[in-house]
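**Q** Letter by letter, the chains look like this.
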Amino acid sequence: MTACSASPDLTQEEAMQEVFDHYRGFDGAIIPVLQEAQNIYGYLPKEVLDKIAKELKMPFSKVFGIVTFYAQFHLKPRGRNIIRVCLGTACHVRGGSKIFASIKDQLGVGDGETTEDLRFTLETVACIGACGLSPCLMVNEDTHGRLQAKDLPAKLAQYQ
Amino acid sequence: MSKVTLTINGKQVTVPAGTSVLDAAREAGFFIPTLCHDPANPGFGACRLCVVEIKGARNMPASCVTEATNGMVVETESPAVMQARRTIIELLLANHPTECLTCDKNGDCRLQDYAYRYDVRQASFEGEKHDYPLEDSNPYIIRNMNKCVLCGKCVRTCAQVEDRQVIDFTFRGFQTKVAPAMNTDLAGSDCVYCGRCVAVCPVGALLYKPMAGKARTWELTKKQTTCTFCDAGCQFDLNYKDGKVIGITANTPGEGRPLCLKGRLGLELLYVDKPLTPMLKKDGEFVEVTWAEVLGLESVFEKLKAQETQK
Amino acid sequence: MNNLNEIRAKYTEQFQQKSKRARIVVGLGTCGIAAGGDKVMEAIKQEVAARNLDIDIDFTSCIGMCYREPIVEVALPGMASVIYGDIFPDKVSQLIESHVVNKQPVTEWAAMQIPEGRTEYDGIVTMDKSAYYEKQVRTVTSRLGRTNPESIEDYIATGGYEAIEKALSMDRLAVIDEVKKSGLRGRGGAGFSTGMKWTFVYNAQGDKKYAVCNADEGDPGAFMDRSVLEGDPHGVIEGMMIGGYAIGADEGYIYCRAEYPLAIRRLNLAIAKAEKLGLLGENILGSGFNFRIRIKAGAGAFVCGEETALLNSIEGQRGMPRVRPPFPANKGLWQKPTTLNNVETYANVPFILRKGADWYAGMGTEKSKGSKVFCLTGKINNTGLAEVPMGITLREVIFNIAGGIQDGKQFKAVQSGGPSGGCLPAEKLDLPIDYESLGAVGAIMGSGGLVVMDENTCMVDVARFFLNFTQNESCGKCIPCREGTKRMLEILTRICDGEGKVEDMDTLERLANVIKTASLCGLGQTCPNPILTTLRYFRHEYEAHIIDKRCPAGVCNALLVYKIIAENCTGCGACRRVCPVGAISGENKQPHTLDTAACIKCGGCVSKCKFDAIIRG
Numbered sequence: 001m002t003a004c005s006a007s008p009d010l011t012q013e014e015a016m017q018e019v020f021d022h023y024r025g026f027d028g029a030i031i032p033v034l035q036e037a038q039n040i041y042g043y044l045p046k047e048v049l050d051k052i053a054k055e056l057k058m059p060f061s062k063v064f065g066i067v068t069f070y071a072q073f074h075l076k077p078r079g080r081n082i083i084r085v086c087l088g089t090a091c092h093v094r095g096g097s098k099i100f101a102s103i104k105d106q107l108g109v110g111d112g113e114t115t116e117d118l119r120f121t122l123e124t125v126a127c128i129g130a131c132g133l134s135p136c137l138m139v140n141e142d143t144h145g146r147l148q149a150k151d152l153p154a155k156l157a158q159y160q
Numbered sequence: 001m002s003k004v005t006l007t008i009n010g011k012q013v014t015v016p017a018g019t020s021v022l023d024a025a026r027e028a029g030f031f032i033p034t035l036c037h038d039p040a041n042p043g044f045g046a047c048r049l050c051v052v053e054i055k056g057a058r059n060m061p062a063s064c065v066t067e068a069t070n071g072m073v074v075e076t077e078s079p080a081v082m083q084a085r086r087t088i089i090e091l092l093l094a095n096h097p098t099e100c101l102t103c104d105k106n107g108d109c110r111l112q113d114y115a116y117r118y119d120v121r122q123a124s125f126e127g128e129k130h131d132y133p134l135e136d137s138n139p140y141i142i143r144n145m146n147k148c149v150l151c152g153k154c155v156r157t158c159a160q161v162e163d164r165q166v167i168d169f170t171f172r173g174f175q176t177k178v179a180p181a182m183n184t185d186l187a188g189s190d191c192v193y194c195g196r197c198v199a200v201c202p203v204g205a206l207l208y209k210p211m212a213g214k215a216r217t218w219e220l221t222k223k224q225t226t227c228t229f230c231d232a233g234c235q236f237d238l239n240y241k242d243g244k245v246i247g248i249t250a251n252t253p254g255e256g257r258p259l260c261l262k263g264r265l266g267l268e269l270l271y272v273d274k275p276l277t278p279m280l281k282k283d284g285e286f287v288e289v290t291w292a293e294v295l296g297l298e299s300v301f302e303k304l305k306a307q308e309t310q311k
Numbered sequence: 001m002n003n004l005n006e007i008r009a010k011y012t013e014q015f016q017q018k019s020k021r022a023r024i025v026v027g028l029g030t031c032g033i034a035a036g037g038d039k040v041m042e043a044i045k046q047e048v049a050a051r052n053l054d055i056d057i058d059f060t061s062c063i064g065m066c067y068r069e070p071i072v073e074v075a076l077p078g079m080a081s082v083i084y085g086d087i088f089p090d091k092v093s094q095l096i097e098s099h100v101v102n103k104q105p106v107t108e109w110a111a112m113q114i115p116e117g118r119t120e121y122d123g124i125v126t127m128d129k130s131a132y133y134e135k136q137v138r139t140v141t142s143r144l145g146r147t148n149p150e151s152i153e154d155y156i157a158t159g160g161y162e163a164i165e166k167a168l169s170m171d172r173l174a175v176i177d178e179v180k181k182s183g184l185r186g187r188g189g190a191g192f193s194t195g196m197k198w199t200f201v202y203n204a205q206g207d208k209k210y211a212v213c214n215a216d217e218g219d220p221g222a223f224m225d226r227s228v229l230e231g232d233p234h235g236v237i238e239g240m241m242i243g244g245y246a247i248g249a250d251e252g253y254i255y256c257r258a259e260y261p262l263a264i265r266r267l268n269l270a271i272a273k274a275e276k277l278g279l280l281g282e283n284i285l286g287s288g289f290n291f292r293i294r295i296k297a298g299a300g301a302f303v304c305g306e307e308t309a310l311l312n313s314i315e316g317q318r319g320m321p322r323v324r325p326p327f328p329a330n331k332g333l334w335q336k337p338t339t340l341n342n343v344e345t346y347a348n349v350p351f352i353l354r355k356g357a358d359w360y361a362g363m364g365t366e367k368s369k370g371s372k373v374f375c376l377t378g379k380i381n382n383t384g385l386a387e388v389p390m391g392i393t394l395r396e397v398i399f400n401i402a403g404g405i406q407d408g409k410q411f412k413a414v415q416s417g418g419p420s421g422g423c424l425p426a427e428k429l430d431l432p433i434d435y436e437s438l439g440a441v442g443a444i445m446g447s448g449g450l451v452v453m454d455e456n457t458c459m460v461d462v463a464r465f466f467l468n469f470t471q472n473e474s475c476g477k478c479i480p481c482r483e484g485t486k487r488m489l490e491i492l493t494r495i496c497d498g499e500g501k502v503e504d505m506d507t508l509e510r511l512a513n514v515i516k517t518a519s520l521c522g523l524g525q526t527c528p529n530p531i532l533t534t535l536r537y538f539r540h541e542y543e544a545h546i547i548d549k550r551c552p553a554g555v556c557n558a559l560l561v562y563k564i565i566a567e568n569c570t571g572c573g574a575c576r577r578v579c580p581v582g583a584i585s586g587e588n589k590q591p592h593t594l595d596t597a598a599c600i601k602c603g604g605c606v607s608k609c610k611f612d613a614i615i616r617g
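Residue numbers (the working numbering), protein chains in the order written: chain A, 1 to 160; chain B, 1 to 311; chain C, 1 to 617.
What the hints contain is simulated information worked out from the structure, not anything from laboratory work.
Cβ atoms here follow ideal geometry from the backbone N, Cα and C, with glycine treated the same way.
It cannot be assumed that every hint is accurate.
[Stated by the list, open to error] Non-contacting residues of chain B with respect to chain C, defined by C-beta distances greater than 10 Å in every case (computed):
(1) ASN70
(2) TYR132
(3) LEU134
(4) ALA159
(5) GLN224
(6) ILE246
[To be verified] Beta-carbon label-pair distances, calculated as ranges:
(7) GLN83/B x TRP359/C: 47 to 55 Å
(8) GLY254/B x PRO325/C: 29 to 37 Å
(9) ALA558/C x GLU116/A: 36 to 44 Å
(10) PRO39/B x LYS135/C: 53 to 61 Å
(11) GLU116/A x SER124/B: 40 to 48 Å
(12) ALA558/C x GLN12/B: 55 to 63 Å
(13) GLU282/C x GLN83/B: 50 to 58 Å
(14) ASN39/A x LYS10/C: 37 to 45 Å
(15) LYS39/C x GLU116/A: 35 to 43 Å
(16) LYS355/C x PRO16/B: 47 to 55 Å
Using the sequences provided together with the hints, build the complete structure.
**A** Right, here's the structure in full:
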């Protein structure tokens with residue numbers, strides 16, 4: 001077992017068991033069960049999906065097909081801080097993609113991904129309307145502009 | 001059984017009640033293209049290539065899921081139908097690799113056939129195309145999801161085996177993709193490589209790896225044979241090139257646990273000129289194994305060997 | 001309990017007692033809460049406690065004037081209720097001081113008064129004469145803003161559950177006949193006769209049948225179902241009971257979008273209260289009729305508003321539509337005969353049973369009977385909910401009820417029916433709103449969203465907006481919709497980016513027609529409507545984008561050209577400093593110049609300029 005935060009602790013497991021007990025014998029229980037599971041875990045880890053498939057006696061592939069159909073379900077935990085790197089026209093000409101590449105290297109994640117410690121989720125955005133400050137990015141609600149790759153570690157350090 | 005009479009392209013056609021317009025038209029000798037229609041698994045109605053004009057209908061219904069009724073007046077290749085089919089083919093081509101020259105399915109591809117019939121040379125739309133990595137991490141099936149037309153035949157045929165259902169539609173809209181759970185490749189799934197999916201794929205999305213690159217489709221002659229490794233009676237094709245069998249492909253499943261890997265590999269051993277060493281997944285990795293192991297005959301062989309040494 | 005006579009008498013008495021006391025009622029629908037209604041409620045409670053006033057405090061749902069939220073009603077014994085708009089917490093003290101303590105309504109804050117037989121105040125317009133309500137008829141919305149939606153007592157006191165009592169005393173076919181005679185048609189989209197639908201399900205063979213309520217309202221700009229669920233949940237429940245009884249169902253499902261938590265909460269509460277009174281469950285009112293209702297929350301898929309996708313979703317599958325036939329009336333939920341009706345349709349049914357089919361059919365046009373709730377949004381003065389008789393013109397709704405266009409701008413188009421509907425130009429303003437008239441001009445009634453656009457709206461951009469929505473929400477099952485919406489969106493995006501080609505208009509038209517006629521479900525069959533109607537009525541805007549490389553409304557960024565007006569420029573340098581690409585040059589205190597070729601049109605200079613010296617067009 002790794003130290004991965006996905007491993008469900010006891011209380012989450014117990015809560016999940018209650019969900020299974022409540023929905024046992026319900027027709028069409030899968031979507032409510034997934035909704036409850038996401039409430040419990042914050043997202044839908046693979047192990048939980050596997051367990052749900054077994055408990056509801058459904059093929060895992062079908063459960064996965066349902067999860068990926070509905071916008072409400074997330075397969076990955078979201079970070080505590082959401083970084084949105086602007087790749088709009090102004091930022092692009094001012095080296096926004098270099099900033100993006102630099103953050104990717106620094107965090108070790110790609111577009112739409114979350115760091116293992118759940119500190120950051122990295123996303124790109126078409127334009128955040130701060131072209132005058134390009135290249136720029138947003139962390140949560142804060143906009144940071146006139147970025148240089150060398151300043152990034154210090155900027156990100158404020159977000160835990 | 002009661003019968004219904006309808007008019008298809010001006011011709012009176014009488015068919016048993018309950019027959020689809022598609023079957024009625026085909027029975028009467030009219031061509032209607034289909035991608036998602038599988039006679040063994042009817043009723044999906046997704047590809048819309050088989051749309052026809054029916055007098056009085058609001059839109060163009062898919063003939064595969066429309067029941068023929070008395071007095072129905074059907075046109076299978078009216079200008080509107082032709083435009084719809086051409087556009088649908090164009091839409092597919094706009095999101096399909098144009099590598100027919102080297103595609104193993106060249107010559108045996110429905111999309112190619114229909115593009116030819118309806119004279120669609122290329123898509124007039126430019127835009128995003130799928131760019132999925134080629135999946136050949138298992139020894140038996142190559143999956144090229146860029147060529148997939150999402151007809152769903154593989155999903156439905158896989159779902160017919162109760163404890164398999166390895167693949168399903170995942171994601172939605174333009175991102176829809178047939179995939180195993182967690183969007184892994186087949187090697188990472190519970191797939192047993194029975195090959196039912198390959199047998200029904202209308203395009204080059206699913207291929208037999210052992211035969212890939214070995215022959216153009218028109219160089220092959222197929223001879224059907226019944227598998228005898230169990231009593232399910234599945235049908236396989238022996239694929240001959242220059243008089244030699246170069247591969248075994250699944251044809252029609254029998255009842256029960258049809259079209260298994262063991263059956264196909266067994267037939268490969270029996271018929272293929274130079275069969276590849278069989279492989280099985282052990283501890284998550286594919287390793288070469290003996291024919292005896294693949295066919296479940298290890299103990300028999302040992303017994304035989306022991307008996308022969310005793311002699 | 002075999003009838004409600006006793007409790008109805010009791011609750012009616014309670015309800016009448018309420019109006020004999022001073023009350024303050026706060027509108028707490030989703031819109032009211034979003035505008036700060038819950039904070040207003042807190043402030044009122046504190047103020048009343050601080051002044052030690054003997055006054056009832058209650059809440060209701062949205063009365064429909066979303067543009068005046070937060071809305072507060074103050075009623076003194078024997079005096080008309082005064083409906084105040086824009087009451088924020090800082091106004092509460094003065095409001096209570098003046099109206100409650102000094103018995104003087106704050107006329108300038110009042111939106112209207114509702115006399116209901118009590119004494120009217122001078123200087124405040126009555127509801128039936130107010131511009132917003134004068135042309136409205138309130139049936140489905142009659143309890144909205146007038147009763148407490150979490151009170152089954154209020155519901156019963158206002159005629160609630162009379163209709164199911166009446167229905168249960170009738171033959172099931174007679175109930176269906178009454179609905180058929182009323183002319184009620186589906187309020188969710190296609191406008192199919194509700195009575196006919198029920199007849200199909202009644203006649204369908206099956207040991208088990210279902211009545212399903214489609215509450216998956218997802219059109220951008222539509223919120224009438226949410227308002228009805230939040231404001232009159234029992235009305236929907238009663239309508240479902242009547243439908244269930246008529247078709248022979250003993251179980252109902254309400255499929256509600258997960259984005260409507262308040263509606264789900266009030267529905268759950270309403271179901272629990274109805275069960276407690278024995279109005280849901282076994283042997284309802286001693287009639288032998290059994291009926292239970294379950295709620296299923298959606299999980300974020302617009303296509304689940306399509307009835308067969310909705311059924312798949314309830315069953316726990318991907319929300320991909322089924323082919324029809326078989327129709328849900330024969331093979332619906334779990335392959336059993338099922339009626340699917342939307343929230344507003346069900347909510348109409350108790351009124352039809354209570355007041356009679358003839359009364360209902362007396363409203364509306366020849367083929368479109370009764371009233372319809374519309375959501376008025378966009379560039380109008382009064383955004384909100386309005387229930388109007390069928391056949392009213394678009395002009396009356398937009399210019400009388402909605403108060404015309406904001407900031408005195410010109411009307412350009414009205415979009416009816418959400419992403420499935422069409423954009424209609426000014427020439428169509430005198431069109432009567434009914435199913436046939438709207439269909440004939442390429443739009444649809446749909447769920448009843450009316451988005452009004454003014455001269456500053458780019459119609460190509462609007463088409464792109466809707467296509468972006470449907471393309472995101474396409475389920476991916478059938479090729480025309482999955483691949484076709486993608487290509488249409490790409491073409492529209494190109495046009496808005498100034499890279500359109502003349503042949504794009506024909507390609508769009510061809511794609512749109514194929515997708516409309518060959519797609520599997522209603523989403524695909526209707527999603528080209530925004531494109532087809534904008535091409536039909538606003539073709540010149542497409543041509544301007546494609547041929548002249550110009551966006552007449554000044555919306556499409558790539559087609560805008562930025563210019564500095566030398567006379568206005570003071571040479572302050574603010575624009576020069578903010579320009580990310582150095583496209584602006586000039587000496588301090590001298591008029592600057594802008595290099596159009598280098599400009600990336602980010603708009604930064606315009607927002608920095610304090611002298612209106614930079615224009616785009």
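**Q** Each of the hints needs a verdict: does it hold here or not?
**A** Hints, verified against the model:
1. With a cut of 10 Å on Cβ distances, ASN70/B stays outside the contact zone with chain C, its closest approach being about 16 Å.
2. With a minimum CB-CB distance of about 15 Å to chain C, TYR132/B clears the 10 Å threshold, and the non-interface call stands.
3. Remark: the non-interface label on LEU134/B is consistent with the geometry, its nearest Cβ contact in chain C lying 21 Å away (cut-off 10 Å).
4. Consistency note on ALA159/B: stated as away from chain C, and its beta-carbon is indeed over 10 Å from all of that chain's, at 12 Å minimum.
5. In this structure GLN224/B is separated from chain C by more than 10 Å, as the shortest Cβ-Cβ distance comes to about 32 Å.
6. Once the 10 Å rule is applied to beta carbons, ILE246/B is consistent with being away from chain C; the minimum gap is 34 Å.
7. The beta-carbon spacing between GLN83/B and TRP359/C, approximately 49 Å, falls within the hinted interval of 47 to 55 Å.
8. In this structure, GLY254/B and PRO325/C meet the distance hint of 29 to 37 Å, their C-beta atoms being roughly 32 Å apart.
9. Distance hint check: the CB atoms of ALA558/C and GLU116/A are about 40 Å apart, consistent with the given range 36 to 44 Å.
10. The supplied range of 53 to 61 Å is met by PRO39/B and LYS135/C, whose beta-carbon atoms lie about 58 Å from each other.
11. In this structure the supplied range 40 to 48 Å holds for GLU116/A paired with SER124/B, their Cβ-Cβ distance being about 46 Å.
12. The hinted window of 55 to 63 Å between ALA558/C and GLN12/B holds, with their beta carbons roughly 58 Å apart.
13. For GLU282/C and GLN83/B, the hinted distance range of 50 to 58 Å is satisfied, since their beta carbons lie about 57 Å from each other.
14. At roughly 40 Å, the beta carbons of ASN39/A and LYS10/C sit within the given window of 37 to 45 Å.
15. As the Cβ distance of LYS39/C to GLU116/A is approximately 41 Å, the hint placing it in 35 to 43 Å holds.
16. The beta-carbon spacing between LYS355/C and PRO16/B, approximately 51 Å, falls within the hinted interval of 47 to 55 Å.
Of the numbered hints stated above, none is contradicted by the structure.
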